[in-house]
Structures are given as C-alpha cells and as structure tokens.
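Student: Letter by letter, the chains look like this.
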Amino acid sequence: MSTTTPDAACDCPAGGGSASRSKQNGVLDSAPKMAVEATRQSEIDTLGLSGEDLLSMHRFMVLARLIDEAAIRQNRQGKAPFVIPVSCHEACQVGTAWAMRRGQDIWLPYYRDLAVVLVAGMTAFDVFLGIFSKAGDPTSGGRQMPAHWGSRRLGIITGSSPIGTQIPHAAGIAYAVKFRSEDAVVATWFGEGATSEGDWHEGLNFAGIHKLPVVFVCENNHYAISVPQSKQMAVENVADRAAGYGFPGVVVDGNDVLASYAAMKRAVERALSGEGPTLIECKTYRFQPHTSDDDDRTYRTREEVEEARHHDPLDRFSADLKTLGLMDDARIESLRAEVKAEVDRAVADAWAAPDPDPATVLRYVFEED
Amino acid sequence: MSTTTPDAACDCPAGGGSASRSKQNGVLDSAPKMAVEATRQSEIDTLGLSGEDLLSMHRFMVLARLIDEAAIRQNRQGKAPFVIPVSCHEACQVGTAWAMRRGQDIWLPYYRDLAVVLVAGMTAFDVFLGIFSKAGDPTSGGRQMPAHWGSRRLGIITGSSPIGTQIPHAAGIAYAVKFRSEDAVVATWFGEGATSEGDWHEGLNFAGIHKLPVVFVCENNHYAISVPQSKQMAVENVADRAAGYGFPGVVVDGNDVLASYAAMKRAVERALSGEGPTLIECKTYRFQPHTSDDDDRTYRTREEVEEARHHDPLDRFSADLKTLGLMDDARIESLRAEVKAEVDRAVADAWAAPDPDPATVLRYVFEED
Amino acid sequence: MAQKNVVTAIHDALHEEMAADDRIVVLGEDVGVRGGVFRITQGFMEEFGPARVIDTPLAEAGIVGVAIGMALHGLLPIAEIEFADFIHPAFDQIVSEAARIRYRSNNDFNVPLVIRAPWGGGIHGALYHSQSIEAFYGHVPGLKVVVPSTPSDAVGMLRTAIRDPDPVLFLEHKKTYRAITGDVLDEPYTVPIGVADVKREGEDLTVVAYGFMMHTCLETATRLQEDHGISVEVVDARSISPLDKQTILSSVRKTGKAMVVYEDNRTYGAGAEIVATIAEEAMFDLDGPIVRIGGPDIPAMPFATSLEHFYLEPEPDQLYRRMLDLARF
Amino acid sequence: MAQKNVVTAIHDALHEEMAADDRIVVLGEDVGVRGGVFRITQGFMEEFGPARVIDTPLAEAGIVGVAIGMALHGLLPIAEIEFADFIHPAFDQIVSEAARIRYRSNNDFNVPLVIRAPWGGGIHGALYHSQSIEAFYGHVPGLKVVVPSTPSDAVGMLRTAIRDPDPVLFLEHKKTYRAITGDVLDEPYTVPIGVADVKREGEDLTVVAYGFMMHTCLETATRLQEDHGISVEVVDARSISPLDKQTILSSVRKTGKAMVVYEDNRTYGAGAEIVATIAEEAMFDLDGPIVRIGGPDIPAMPFATSLEHFYLEPEPDQLYRRMLDLARF
Ligand SMILES: Cc1ncc(C[n+]2csc(CCOP(=O)(O)OP(=O)(O)O)c2C)c(N)n1
Ligand SMILES: Cc1ncc(C[n+]2csc(CCOP(=O)(O)OP(=O)(O)O)c2C)c(N)n1
Ligand SMILES: [Mg+2]
Ligand SMILES: [Mg+2]
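Chains as they are written, first to last, in the working numbering: chain E, 1348 to 1716; chain F, 1348 to 1716; chain W, 481 to 809; chain B, 481 to 809.
In case anyone wonders, no lab produced these hints; they're calculated from the structure.
Fair warning: this is a prediction, and the values are worked out from it, not measured in the lab.
We treat Cβ as the ideally placed atom computed from N, Cα and C, and that holds for glycine.
Among the hints, a few may not be true.
Keeping only pairs whose Cα atoms sit at most 30 angstroms apart, straight-line, the calculated DSSO-like set for lysine-lysine is [claimed, not checked]:
hint, chain 1, residue 1, chain 2, residue 2
1, F, K1558, F, K1481
2, F, K1630, E, K1558
3, F, K1558, F, K1525
4, E, K1558, E, K1481
5, E, K1481, E, K1687
6, E, K1630, F, K1426
7, B, K679, W, K725
8, B, K679, B, K725
9, F, K1687, F, K1426
Reference excerpt, derived from the structure (chain E facing chain B, CB under 8 angstroms, subset only) [stated by the list, open to error]:
hint, residue
10, G1545
11, E1650
12, V1652
13, R1656
Here are the computed distance ranges between Cβ atoms for each label pair [unchecked claim]:
hint, chain 1, residue 1, chain 2, residue 2, range
14, F, R1500, W, D767, 21 to 31 angstroms
15, E, A1695, W, D767, 38 to 48 angstroms
16, B, R658, W, D492, 37 to 47 angstroms
17, E, H1658, W, E667, 53 to 63 angstroms
18, E, P1575, F, D1696, 55 to 65 angstroms
19, W, G529, F, R1613, 48 to 58 angstroms
20, B, P722, W, G529, 50 to 60 angstroms
21, B, S730, E, A1695, 39 to 49 angstroms
22, E, T1645, W, T661, 21 to 31 angstroms
Work out the full structure, taking the sequences as your base and the hints as a guide.
Tutor: Put into structure tokens, the structure is as follows:
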C-alpha cells in the first residue's frame, strides 16, 4: 500500500481548542454580580469555561472580524480578487469550534468558516496566503479559491465549492473513527441552503443509522446568496429536519457564542459517548454580501442589515465580558490594536510571499513516485 | 412550437376511479350489524363509499393478485423473463389509487404498482403486453422492462428504473397543475428505500415550499431488496420525515384498504383545497421475492413470510365484505374464477400479439418529422 | 440591428420569449430578485412575477427534476444552473430522465426543457467555476448540447432551443459574456441546432473550435494572415450534439489540413470525436497530420493567475505556432 | 491455477484481500446478507461482520460520499454500485470530490477508493440495466477507469486497484460474469492499470476492443483465420484511463490497419479517443481507413429480445464482414 494512504485525516499534535475544556473558572469569581450577570455567570459555570477560555474565544472573534475587514479592503484595492466574508458568524463559529479539540478532532468547515479554521489552528498568515493564492497557501497552494479550507496537519478536511458534498464525507470519516475506536469527534459546518441538497439528506441518514460520532452544524443566516429561507424550505427550523434521521436537532441563538458553545459541547459529549449525531442550528445573519462578487442590495433592504447590526455577536460578547469584569473599553481597544497589527503583518507577509510556479500546474493529479 | 409539446400529461376522458367519490352507501344498510361490524360500517359511511365501490375495489385487488400469480407462472415457464410481484401491496395500492380520479388526476407509480395502474385504467392485457415486451405494450412498446409504467392517455407518467427520480417530476407536474389552475391532484408512489435518495428529499422540499397539490405515498414493506428498514433509516416511521418539509406525515395500516383510502382521501382533499402536500406511509409487506431475479431466502426467514401471510390484505378485505354481507364464499369463488378467466385470456392474447419490429429500435430518440 | 454583449443578448432574447409565451418559466438559484448571478434574468421577477421566475432551493437534481415535471405538463421550463460546474448533481436526472423519456415511452411523452449553464474558464474561477462539461453531455443520446459563442448565435440558438420539443443543454461561455459583443438582428430569427458555422473563410488550414477558444482562434487566424499571408478557415462547431459533420468535413476537404481546438481536458474530450470523424471520413483528403489541441488533463483550472494562465496557454503563443507549423507542413 | 468464471474470480480475490487487510471495507446496496445481487460478496457478511460489510441505504451519492470519507481516514473502502446505470446520482461525488481531492489539496489528501460497478448489455437488462458508462468517467482527470474482461485480468487489476492510493472505477461487464471462464493463478499477482494486452497476435489487422465486445472480436478473429486465413491482432484496451497508447500504436504500426470496437453509444464514446489517438500518431503508418464500430446512438438497449439483438448487431455478422473488408482493403 502506498505510503500516502492516510492513516488518519489528522496527524497534528494534540492541544489547543478547548483542551482546557475541564478547567475551572477562577477569574470570574471576583467579577461584580447583579441579577442578570449572575445568570450569565452561572451559565458559564455550568459550561466549565475559564476566564482564560472566554478571553481567548473573544480574541478569536476579534481576529476573524479584523481579518474579514482587511480582506474586504484588499479586495477593494484590487489585491484580493475574491473574498468570502464571515462577519456576524463569528459567535456561532467560535462557539461551536471551541468544543472541539484542536489536533484531535476532525473539522469539515465550509467556505464561510474563517473563525472555525482559526480555532482549528490556521493563522491569519495562512488565511492571506490563500487570499493572495500564494505557493505557501496551506489549503491548496493557490489552486483553489480562497476559503476552500484544508490541512491534513490540522485535521481540516479539504473542501470544494459544490455545496453540501462534505456532509457524506463527514459521515464516512465518523464511520472510520468509530471503526477504529478512536477518541475523536467529527464536525461539519454548512449554511441553511446546503440542507436542500440530496447529499445533505444522504449524509445525515447514514450518520443516523450508524449512530456516528459526528456533529452537523448549520449556520442559518437566512439567505443562500439571495434566496431567503422561505424559498429554501417550508419549515421554520432547519433543526426540525433531524426528526427524519433519528437524532436530536437543536436550535440555538447563533449570535450568542456561549449558547453555541453549550449546544456543541452537549453534542460532542453525545458523540463521544456513542449516542450518535446531533444537528445544531445556529440562527445568525450575514452583515456583508455573500462574497465580494455579490451585490446584496438587490435582495435585502439596508434597514434589515442595519437592524441586524444591532445584534452584532461581537459587541454582545464584548459587553458580556465587560459585565463579567473580564474586559473594559481600554482593554478592548488595545486588543483590537494588537490584533489589527497581527493582521496587517499577515497581509504584508503573505503579499510578499512567492506565487506558485506555473510548471506545478500539472502535478498531483495522481500519486507521484 | 412542436405539436408534440404536451398540453397536459393526461388527455384521456374523465371518469372511473373514485368518480363515485360522493355517492351514498346504500347496499350496506341491509347488512347484519354486530358491534365490530358496526364500527367498520360507520367508518365506511364516513368515507362515503358505496357498496359498489367496495366491490369494485375488491375486484381490483383480486385482479392484481391473480395477474401476479399468472405472471410468476409465466416466468417459471420461461415465457416471462422478468416479473415484479405485487402480492400484499394490493390494499394500500387500491386504497390510495381509489381516491384519485381516473382520467383527471395524475399518477406517478413505481414498478411495484400493478394495482395502482389497474385502477388508473390499464388492463390485464396491457400488463401482459408489457411482460412479454410486445409491440403493443402501451408503456414502452417493449423497450423497457415490464412494470415501468406509463401512458399519456391515462395520465400515468412514464417511469424508469433508477429509484426515486420520479419524486421531483411529481412536484414539477404539481407546480404546473397549480400554475394552470387545473382541477387535478398529482400522486406518486414509492418504497421506503426510495426515501433515502437525494432526489426524494429535493422533491418533497420543493413541494412543501410551494404547497403543491401532490400526495407522496410510501409503500413501506420494510425491505429494499434485502436491506431491512433498520439499515435504511434510523426512524421507525417514514412519515416522520415530513416534519422536515412542512407538511403532514401520516402512518396507515397498508394492509387495510379502507384505512389507506381514508388517508389518501384526506390528502387529496388537502391538495385540492390548496393546503399542500401530504406524505402517507402505508405499512405493508411483500409476500414474494423482490423480483423474479431475487432469492429472498438469503435475507428473511420463511417464518417471517408465513407470519405475514396471516395478515393478507386480500383475505382481510374479503372477510370484511363477508361481514358486511356484500360477499360470501360462493361469490368470492365465482369472482376469482371470472377474474382468472380474464387474466388467462389476457395472457393468451398478449402472448399472441406481435413482437416489436427490430428496425424501430432507432426511432424516437428525438421528435420525428 | 443592435450591438450587444452576450449577457445582454441572452437577457433580451429570453425576455422577448417570456413575454410572447406564458408557458415559459425560468427556475434556478438566484434567478429571482437577484436576477441571476450573471444578470441574465435581471428584472424578470418584477415583470413576470414569482410564479414564472422561480428562485429554487439549492438543489440541482431537484431543479432539473422539477423542470422535467413542468415540461411533462404543459410548461416550457428554462432551468438555470448557476455554474456549469454545479450541474453534476443533476447528471442522473438529465441522462436517465430528460434524455430518455421520449425513447423509453416509445414517443408517448417528451420533455421540452432547456437547461442553461455558464461554463468555461479564464475568468479566475478556479477548479469549480471554470469547467467545460460538454463532453459528458454530448455523449447522451436524446439530449442536444449547444455552445454558441457570439451574441447573434446565442440569441438564435436560444430561440431554437426553446422551440425544441426535446431537452437542450444550452452552454454559455462565461468569458464571452461581457468580452464578446456583436450585432444582433432586431427581428426574431433562429439559428438551427446541429449546424456549424464558418466564422472565417480560408484556404490553407481548417480550425474547428467552439466557445471562447473559437475567438482566440479567430484572432490567431487574423495574425497569421497579416504576418504570413496564411489563410485559416475557422469553423465554429456551435453545436456539440448533434455535431455538424458535413460542414466540418467540407472545410477539411477544401483545405486539406485539420486542427481541432478546445478548452476542456484533452483526453476523451469533445475534440476526440471531431478528430475521429475527420480521420474516418476525410483521411484520404488530408495533406498533413490532424492536430488536436485540448486543455491539459488536470482536474481543472487553478485559481492563481500564473496557474490559470498555464492551463490556457502552456507554451507562449502555442496556437499561433502550431497553426503555422500545420499550414507549412 | 484454477478455472473460474469472472464472478468467482472477483469474489475470491476480494475475499483474499479482505482477509489480508482489515482496513478494507465493502459497502453498497445488498452487499451484506444478500451477498450482492451478483453474489460477488457472498458469505462476506458472515465472515467479516457488518462493520466491514455494510448494507447501505439506497443512495448512491451517499455511498460514494461516505466511502470518500472512509478513504480519507485510514480505511480502504470498496463501494459497490448495484448496476453501473445507477452510478449517475454519484457523478458529482466522483467527479468533483474523489477525483479532485489530491489535486485541489496540492497533494495534502488522497482518496484510496475503489468503486465497483457491473456494466454492459446483452443480458436482457433493458434501458437501465445495460449501460456502458466508461466514456463519462474516462474523461475525468484524477480518476482511473478499468474494464477487465477475463477472470485473470479482473483479479490482477482488482488487486492493483485496491493498492492504488487514488480512486479507481472498476467496471465489470455483466455478460462476462458467468459466460467467461479462464485460468487464474493461485499465487497473488497484479496486473497494472494503464497497460493494454494483446489477447491475440496477428499481422493483417488490429482490432482494439474491451469488455464483452473483446470476446466477440476474439471469436470473430478465429473465424476469419479459419475461413480466410486472415490474421487479426486483438488488443484488449483493459484500461480506459489511463489509456495505453503505446501498445495500441505499436500494434497498429505493425498491421497497418486499425479497427476500434465498443458496445457503448458510438458518438463521443471511448472509441473516439482511441480512433483520434491512432489518427494523430499513426496516420502515416496506415494502409487503410480507420474503422470505428460503436453501438447506435439511442438512449440504451431496449428490453425485447429482438430490439436488444438489433442494438448489439444491427446487421447480421457485421463485425465479421467489416473486419474482412478492412483486411482486404
Ligand atoms: C452545488 C452548488 N450549487 C450552487 C452553488 C453556488 N452557491 C455558492 S454559495 C451558495 C449559497 C449557499 O447558501 P448557504 O448554504 O445558506 O450558505 P451561506 O453562504 O449563506 O453561508 C450557492 C447557491 C454551489 N457552490 N454549489
Ligand atoms: C438509483 C437506483 N439504485 C439502485 C437500484 C436497484 N434497486 C432496484 S429496487 C431496489 C430496492 C427498492 O426498495 P424500496 O424502495 O423499498 O421498494 P420495494 O422494492 O421494497 O417496493 C434497488 C436497490 C435502482 N433501481 N435504482
Ligand atoms: Mg445561508
Ligand atoms: Mg421496500
């Protein structure tokens, strides 16, 4: 058998993500507690998240947001031909990703999952190598469009453009995980539009039959490019579809990073204890057009977008952290400055990196000797 | 525009089927009424079926059963290379088909639906022309395998072998019906195995979004060739899947022709009144192997099959009719003899009919001038 | 007569057809309020309403399957696949259903369906927004496949496709959309399916091409004329299936030299059939080898500019040099 | 050495492989207790258990998609498609996913997947149980497609396919299953993918064929030898992709006459590529026209015996007569 036959989709060292899943929360104890914060605090206690975790989650959300803004800027300047915005999906992405173990669990994100792959271990530099389609792009060496994530090292399974095709892959990988009795969970993310594809149905059905250790995360932003949910399906909740596959479907507020984390944590535990899959639906929105090629003014009002901005998941989590005494305006300001510097450096470094060698275009159709 | 562009899938005269849908039941009044029959009687009253209807439904069930037996005989004798048995599906097929209007509503049956197409207007002779692949086979002129039903005249849409492909067709036809404000309902039949195909999901989803006048009828016989339901899906009821599409899913005892009729009648009314689709699941069984090419002893015990024969839907309906005083043993005997003669005649006539002309094999790839 | 680019030409023709025949419906992803990602159906939703301009769920097998149903029941559906690369989930509905329904029903049913899909590369679309798909579908009896590459052909062939009682796959090369403009007659006209078109007459060499490559060949032919006085005849195949053998063979017999150029992966591509046809039927009329130039056999065009460029032109000016070589053979 | 038919040969080889490597799993419809509708996996469920012998739901895109996932995570899945005709719903998973994963990930991931599918007609299978599908898939870079037609080749190529780190579509002609028997070596051996095989040596004429047609050509060659002393070389292409151009071209250069025979619909069929290759690279070595014999361009073989027969042999003894004509040209 060829040595390139994968022994496992992921061969990177363990650690990161919610490696601290079991840590106790210490920092929070000293925070001021009023009625509403007390509720939040006790929620957090139940989740077993430390203050460090919360700050780290928050930082990932900020990082995703600032990468998004920088990418859009690069696009407007003509340096990035194509970008796919994440803004407003940061909470559900970081929240669900946080319940996974970096370097141990297996990730099948879709193109909008910038914050998922950051938690999984990609860096801002990696992301911009992809955006500028450089030789060093860890995802595809500049072959694929940006945001078609993949990295064997990080256990991020290579993705494509056709929507929904990764769903049966997630089921198959989960089958292999179970077959090999590995301690790993598989998760795949997708939009509500993806749930209309036959592949989605077939993948969930297989996972249900074999009670596989997989979590299906729907980021329902209510639009598939221009098509509103009402023309995508006749149900209010994507989660209702789980009833057809014999496992639970859960609706969460996808703009609430902790609610997203909580739902995912339960789903991961279910998966690891052999109880089978979960479908999680995170209700959210997308602040930006579908991609840099889209013009969203043709299909939604500016008022609708403005209104959604009042529920910005990043503002909300920042406010939460302030209430909990983990953040204040000054620290948020300095965090943003620090992350912005990191992003700017990543942009500059990636831009300066070498382009792919044209002669490589013929390589890797099949295994090479 | 070419003259062969269909103006409608069905261009046959109205009538037949449950044309008598609104008739009052008269015959039954004089029948003896004990407690249990009273229940049955009042059920029937609610359904609005006349004694004539009941006898006609019964006769269709007998006809389907005897065609099945004759076809299997022809196969054993080497005259019919391939047959697809119906036995045990007669009740759910006749029951659901009876709520449709022959010549007005539109039928998308699958290969097991012998009794459906009989109610829709095919004759035993038609069926055997197909079994012997004769030039006059109304379905395909001997081109397709037997039981791949189709007839524009009867509004039976041509079917193929790939499972589940007709589901989106049914939705599309129902869209056209609604678009053209026609007084028609569309129904499609399929096995529980078909519900695993992506096409099935995509078809139901579209129908739900547009609240189309279509009924989806699943004949759940618990096996897809050898694959038991437990390996086909993780849910007990196919009907549960309707929850994902925003319309009702109904479970009925598919061995009870009247229960099947009742469920279909409600679904047809829903469709005609603009309320949208229904998914009906008829629980049944298959007495025979999957097809004449199958050997079912490899995957199910003889005891299981024997046990199922105790719930033969034909025996059950015969018994019902006897209780209601519409039938007695002698009449059942003479009915069987009469139908058998009809079937034998059909076999002989079809066998004697001309084979397709080999030169026609190149025809009808496209429209001909 | 008006000058239009390909997008506008198709938009206007489709609009006219829909206004004239209310059995026509368009369906697909984002064809409604968004007017299609390439703006082919811009304004249709407002004008014809949501019953005739249907934003479908994200499900290509469903789009084609539902459209087949509509076509079976009195409508004339025009299904849009957002990018040709995404037609593959509908392969079974197209091959097993649309293309076989007339045949399998012994002429009892037919499917007047048009499937439109933007194809081709050179627009920075990477692996999944650049594909050529004509070879897969050209091989399907019961299905017609057309690849117009000028505004005028697109309009005329679209009209023919809509009037065709059988399924037609109508492929629009994305790079022609805004890059190619040309005259379009004001009065309605049709261009038959199955008839190739000599886009440039010549004596020394026949080049058969289609899609955006046809335009590249035309340009190259002009340069060869200017630089070397070589007269290249460029035949636009236009229709992949049925293939117009007659026009191709007459041209080859006249010039005695044949080259076939296509963008798709070379091996088992549509050009193989064209080369084979020339070899079988005109071999004894040739004064040189048959030359075939297809894309490299890699799983599609990469994203990075340098890589995409290599796919389309692995050696600098390869078309020019190879036409010159063949003419001089 | 043992005499086996194709079904038994494949069954035994697959069994041996599964016994030797527990990363191998088989999945598909009815592969479990039923042992496959053609009995290829008979007894596997009892021996290897339901975790390695997986009766899947009725969903081909799902079968292939799930198998891709398994292949990405350390297993060696062998997916069975019950009939090749039913592979079409999985077209997207095969073309866009399995075949592109190594390329799109710049060699970071690969898919060691075998897809087995019984193809071909002449067994009274009608439109949807008779199809040839090799042309659709031969055109997909990143995918290998093989069509062994003897027990010995089937065994050797199956072993190679299982050891291949990339996806292989393994096509088994249904008519060979029980009709063709032959010797199979007892010790494990492999037959490389991408290498054609001269199944009969000859001097007067080269016939390139594969699948059941290869056997028909062999038989016809024998008759021509006996009747007319004409010596026909029969090349079994065996591998559609990669195609072994070298073996084909050497044979054609030797005999100076080339005929290509295949069962699939003629136009845009795999034979077009073979004819084109011969035309491009060996035209000046030929002493006669290149003859191509494919199936008629109709949506597949009908059911009625008379119609099915016409598909396979539109004129009585057409192969015999056309080989004779070409040899005498
Ligand atoms: C098979 C397929 N069909 C169509 C497309 C074009 N397309 C790209 S993204 C998209 C919408 C996806 O919507 P959703 O799944 O809700 O995700 P979102 O972008 O909203 O996060 C469409 C239609 C595609 N990529 N693949
Ligand atoms: C797409 C496709 N895959 C596989 C088959 C082979 N096949 C024919 S019938 C059948 C089982 C169908 O089961 P079900 O839908 O439950 O109907 P039933 O025969 O039990 O009435 C299968 C797998 C097929 N015809 N089409
Ligand atoms: Mg969305
Ligand atoms: Mg069944």
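Student: Are the hints correct? Go through all of them and say.
Tutor: A quick look at each hint next to the structure:
Between K1558 of chain F and K1481 of chain F the CA atoms are separated by roughly 40 angstroms; this puts the pair beyond 30 angstroms, and the hint is violated. With a CA separation close to 25 angstroms, the supplied pair K1630 of chain F and K1558 of chain E stays within the 30 angstroms bound. About 9 angstroms separates the Cα atoms of K1558 of chain F and K1525 of chain F, which keeps this hinted pair within 30 angstroms; it holds. Among the hinted pairs, K1558 of chain E with K1481 of chain E is inconsistent with the structure: their alpha-carbon atoms are about 40 angstroms apart, more than 30 angstroms.
Of the pairs offered as hints, the one joining K1481 of chain E and K1687 of chain E holds, with about 22 angstroms between alpha carbons and a cut-off of 30 angstroms not exceeded. Straight-line distance between C-alpha atoms of K1630 of chain E and K1426 of chain F comes to about 61 angstroms, which puts the hinted pair past the 30 angstroms bound. With a C-alpha separation of about 34 angstroms, the suggested pair K679 of chain B and K725 of chain W falls outside the 30 angstroms cut-off, and the hint is violated. Distance check on the hinted pair: K679 of chain B and K725 of chain B sit about 16 angstroms apart at the alpha-carbon level, within 30 angstroms; holds.
As the CA atoms of K1687 of chain F and K1426 of chain F are separated by approximately 18 angstroms, the hinted pair is consistent with the 30 angstroms bound. A distance limit of 8 angstroms between C-beta atoms decides the matter here; for G1545 of chain E the minimum to chain B is near 6 angstroms, and the interface restraint holds. With a least beta-carbon distance of about 39 angstroms to chain B, the hint placing E1650 of chain E at the interface is violated under the 8 angstroms criterion. For V1652 of chain E, the suggested interface contact is broken, since its CB lies about 33 angstroms from the closest CB of chain B, more than 8 angstroms.
For the restraint placing R1656 of chain E at the interface with chain B, the shortest Cβ-Cβ distance is roughly 35 angstroms, beyond the 8 angstroms limit, so the hint is violated. A beta carbon spacing of about 59 angstroms between R1500 of chain F and D767 of chain W contradicts the range 21 to 31 angstroms that was offered as a hint. With their beta carbons about 59 angstroms apart, A1695 of chain E and D767 of chain W fall outside the hinted range of 38 to 48 angstroms. Distance hint for R658 of chain B and D492 of chain W: a CB-CB separation of about 60 angstroms, inconsistent with the stated range 37 to 47 angstroms.
Distance hint for H1658 of chain E and E667 of chain W: a CB-CB separation of about 55 angstroms, consistent with the stated range 53 to 63 angstroms. With their beta carbons about 57 angstroms apart, P1575 of chain E and D1696 of chain F fall inside the hinted range of 55 to 65 angstroms. Between G529 of chain W and R1613 of chain F the Cβ separation comes to about 31 angstroms, which falls outside the hinted range of 48 to 58 angstroms. Distance hint check for P722 of chain B and G529 of chain W: the Cβ-Cβ separation is about 53 angstroms, which falls inside the suggested range of 50 to 60 angstroms.
For the hinted restraint 39 to 49 angstroms between S730 of chain B and A1695 of chain E, the CB-CB distance of approximately 57 angstroms leaves it violated. The given range of 21 to 31 angstroms is respected by T1645 of chain E and T661 of chain W, whose C-beta atoms sit roughly 24 angstroms from each other.
Going down the numbered hints, you'll see the structure goes against 1, 4, 6, 7, 11, 12, 13, 14, 15, 16, 19 and 21, while the others check out.
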